[in-house]
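Asker: Based on the hints, put chain Z in the right spot on chain Y.
Chains Y and Z supply the protein sequences, listed in that same order. Here the first sequence stands for residues 1 to 557, where the numbers follow our numbering. Here the second sequence stands for residues 1001 to 1316, where the numbers follow our numbering.
Accuracy of the hints is not assured; some may be wrong.
One side of the interface only, derived from the structure: several residues of chain Z facing chain Y at Cβ under 10 angstroms [to be verified]:
| id | residue |
| --- | --- |
| 1 | Q1041 |
| 2 | P1046 |
| 3 | D1051 |
| 4 | D1086 |
| 5 | R1096 |
| 6 | V1158 |
| 7 | A1164 |
| 8 | V1258 |
| 9 | Q1261 |
| 10 | F1263 |
| 11 | N1264 |
| 12 | G1267 |
| 13 | Q1278 |
Hints are computed from structural coordinates only; laboratory data are not their basis. Since we're looking at a predicted model, the values are computed, not measured. Here a beta-carbon is modelled for each residue, glycine too, at the ideal position from N, C-alpha and C.
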Amino acid sequence: MPQRILMAFAALSLIVSACTPQQPAAPTAAPPTAAGASPTQAPLPTGETPRMGGVLTYIVSAAPPTFDGHQSTTFATLMPVSPHYSLLYRLDPADNVSKIIPDVADGLPQVSSDKLTYTIKLKSNVKFHDGTTLTSADVVATYQKIMKPPEGVTSPRQGVYAAVESVTASDPSTVVFKLKFAAGSFLASIASPWNYLYSAAKLKEDPKFYVKNIMGTGPFTFIEYVPGSHWSGRKFADYFDKPKPYLDAYRAVIIGDPARQTAAIRSKQALIEFRGFTPTQRDELSRALGQDLAIQEASWVCVNYVAFNTTVKPFDDERVRRALTLAVDRWSGGEALSKQTIVKAVGGLMRPGGPFAMSDADLEKIPGFYRDNAKAVEEAKKLLADAGVADLTFKFHNRNITTPYEPVALFLINEWKKIGVTATHEVKETAAYLADLRNKNFEVGLDFNCDYFDEPDLQLSKFRSASGLGKGLNFSHYDDPKLDGMIDAQARETDPEKRKQLVWEIERYAMGEKAWMVPVIWWNRIIPYIATVRGYRIGSNHYTTMDMANIWIAEER
Amino acid sequence: MQRYIIGRLLLMVPTLLGVAILTFVIMRVVPGDVVALRYSQSGSVPQEVIDRERDQLGLNKPLYEQFADFMGGIARLDFGRSLWTDRPVTEEIQGRLGISIELAILSTLLATVLALPLGVIAAVKQDSWIDYVIRVFSIGGLAMPSFWLGILAILTLVVLFQWAPPLIFVPIWDDPIENLSQLIWPALVVGYRYSAVATRMTRSSVLEVLRDDYVRTARAKGLRETVVIVRHALRNSLLPVITVISLEFAFLFGGLVVTEQVFNVNGLGKLLVDAVAQRDYTLVQALVLLFSFVFVFVNFIVDVLYGVLDPRIRYG
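In isolation and in its complexed conformation, chain Z is listed as follows:
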């Protein structure tokens, strides 16, 4: 197990390196220039000013030199400064990290709380009206884009209660009510969507397990149905569900671009989109690396969890 863990951790390095190279290349291939863009709102900034600033930012250096600087920075865990704001990239990310983590945790919690019982009930009551209602509910979650639900949610709150979620983020330890007043709405909207995926996965997974011999044996032994479902069926059907929920968490970490926009949540997704639009290479590179790390790391944790949940799985 120890060897497996060390091996997997070491394998993260080439993966992240690949991501870093790919991001570096893609950002340079895409047309656009951070400096020209910065001055795009005024028609009176001459080209020489733009050229001079490009020079100051090191954007006129040959690509291999820029790449060497970037890689050297990564090796020293120095991700550079934002080309747009000139603040250290770590500072830009730090301010939004807490918000994105909290939103991802809240959404995942809500999705899990909804998905597990609904998925199990739908499986147990297969083809009954309860199953149909749950399936319609989950298909609804898949069909309706989160941002659209978000707009509806805000509109409903404003029209019915003349109230909208707070505009400014307050950390949960400063004011839990204010904090939740802002984040619960996007968490609900996103959580609903992701609960739909997890509900469907739980349902099909439980259905599969319910047909297994050991479940029949458990019933034949006279165990109560609740015990059969919870202790025998659910635990053994959890592996794919955990995969889905974990990867959703990793995705939620930086992927709530539009929802963040709609709810004016100052998270990492919005930061990434702004950085891409502004051709802020250093910030995009750092953010993509961070998201990739979260994906790879969560994947690794899931693999380790497999062994914990299913004793048949052993890593050598």
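Looking at chain Y on its own, in the form it has when it is part of the complex:
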């Protein structure tokens, strides 16, 4: 009997140890990029005629929590589910960064002179998978569900449409949005990749119909979803944008383990993964597959922030926060870290290289972005001395996800040593990490944000006051009415050039003067894929153009 008890104990211990998150390994030097593995640009459309047919198998690294795009905030929903749906507007797949084009809309909206009314005509040949025709009633029902969800239905992006007064159908093929105030981000917000167009009839039957059912107007109809395993769809013969889709079918395979993902591409079991691989995975695939592999890279609308818990001392003192951002040499950090993880470009609150990005020359004038790090370190030391803080020690709160959180955190900890600050890396699994950030149970932490578009309203939402619209988003837990006012002002500015100026003012104030929450280094997307995949253009995010309508598979050379 004791032997059995011992065995049972051993078995249980194994379960427990298997469920316990592992502490990350000690910091190591960045591995050199493999020789001959330099990124090559993918063969982008060069007048080739798309080939019809074939099945695209691609990797998705997590299972979708819901089928309803309106209720989801994860790529794990968008990547397998988007091929079943259309949007009102979308990002141009050939650009996939900032150019918005109509999807089921018949042209760009007609905007009234006061910029408060958007009139949108719909294409007449858009069919749902059940054969019914899409009308303005469907668009209205969809947007009402998103903006004013019925009881029991969640809409996480409801607040994004605060500017919308009403959405109505003036005739079966015309939709009218009326705004309460002019909003610079309105067109981007109706090109959101989450805003799948649903059938008004289905929503009337059951407002939760789309949580577990698929019925859209997208290029592919639903075949099956095996939870945790794969999702598949086949070509919709009545898709409105003929001759698309080019593929006969697609299959999204759920693979969480990075090594297995690499093996799947390497063995050509899967042709592509749309979120992004690490430089190490890229180099391994490049070495193994040579010319059979194409690689696209682009800067990503994702960034890590250093969040200071401003409700505890000494992080309530802006001099301390400024000192901590000053010490970080982002320019050399970006260069070094890009060899081992998915960060690269230095930028402010808006994505570097994006339409709202400040120029490097202007950025370099903001504390924390100086090119001369020695000068920045001296200034930081002086600030700490002025604040009366000596031998500052704190725990640096992080999540147990290696890429890119671990190397970024270790980089920061190392940088802070230069000004005599000792930070201990405290890693927790994601749920506990988030709970600590929300409950102010940390001193300094590594936060993150990813968006589908370069849009100040999205990227600045975290910077609003914690007791106001920033509740649950602003993990530095500060209130700053002045900053709220500045964010509101840029949101209502419809002149793009003036809006940029306002955004840059916000960056100077929030990052340089107050250092409420400071960006580290912006992420870099790396998509290595089998070169027969055509029609995919990497974008600045992993959410848009996931409907697979433009993708086709070339014959193997």
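Answerer: For chain Z alone, coordinates are given in the frame of chain Y:
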């Protein structure tokens, strides 16, 4: 015997109840929130949305009410819906159950097929080079983590044959070759590790029995060595080996977390880890109950088997 069986079956109820209470409490004590986590990938989901959804899921109810709901559900064999996917928990488990059972059976079969002969040979050839080789082989199995062997196995297959095990599970009755192409690799890797434990147990158990008087008597009667070993020594040394193999089976049922991850096998271990990480209370509670039931039940079967294998054991 009948009374014993009924008694043991009834004893399972408080055991499982204890497990249910413990799981309920532990999951609530651990920090984290399924709703906050679900929306964690976007920085623009306000707190009020999270609070409203927590309310809809019943997570804002007092703990005793949540516990009463949970217990009431168990009594009706209704384990609720996954907080993460909103699908019935039984549906979530059902889809993975077959895979985990098949993988556990395959691994146990492989482990048994390896362990019994190797353990007996090592015992019979004690301290010879054969014994040393078998011991090194089994210590190797204990020392090398299954997931590491798994990674090596996949890498070897990809590098040497540009082939990797299928990504999608196909039931064995639909396509046995495709099915085994996927599951044989994790079964081999895990089976090797568990064969190591069983080999060592078989060896020491057989060694002990070989020194017993009745074995000497059997030899003195002039029985062939094979008969002595197989009929007399092995059968009597099987009790601890069966315990080890059975508990291994129960463990394999839900414990192949990392191996499932490495081989992308859509089994219960992976489901449990995801559920814990997502703070999907209902799913974790149901899975832990299921695993506990398998442990308790397998233990019970082993105890009954003792009586069958060893006539000296009688249950009153």
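Asker: Each hint: holds or not?
Answerer: Structure-based check of each hint:
no., hint, result
1, Q1041, "holds (5 angstroms)"
2, P1046, "holds (6 angstroms)"
3, D1051, "holds (8 angstroms)"
4, D1086, "holds (6 angstroms)"
5, R1096, "holds (7 angstroms)"
6, V1158, "holds (5 angstroms)"
7, A1164, "holds (4 angstroms)"
8, V1258, "holds (6 angstroms)"
9, Q1261, "holds (5 angstroms)"
10, F1263, "holds (7 angstroms)"
11, N1264, "holds (5 angstroms)"
12, G1267, "holds (9 angstroms)"
13, Q1278, "holds (7 angstroms)"
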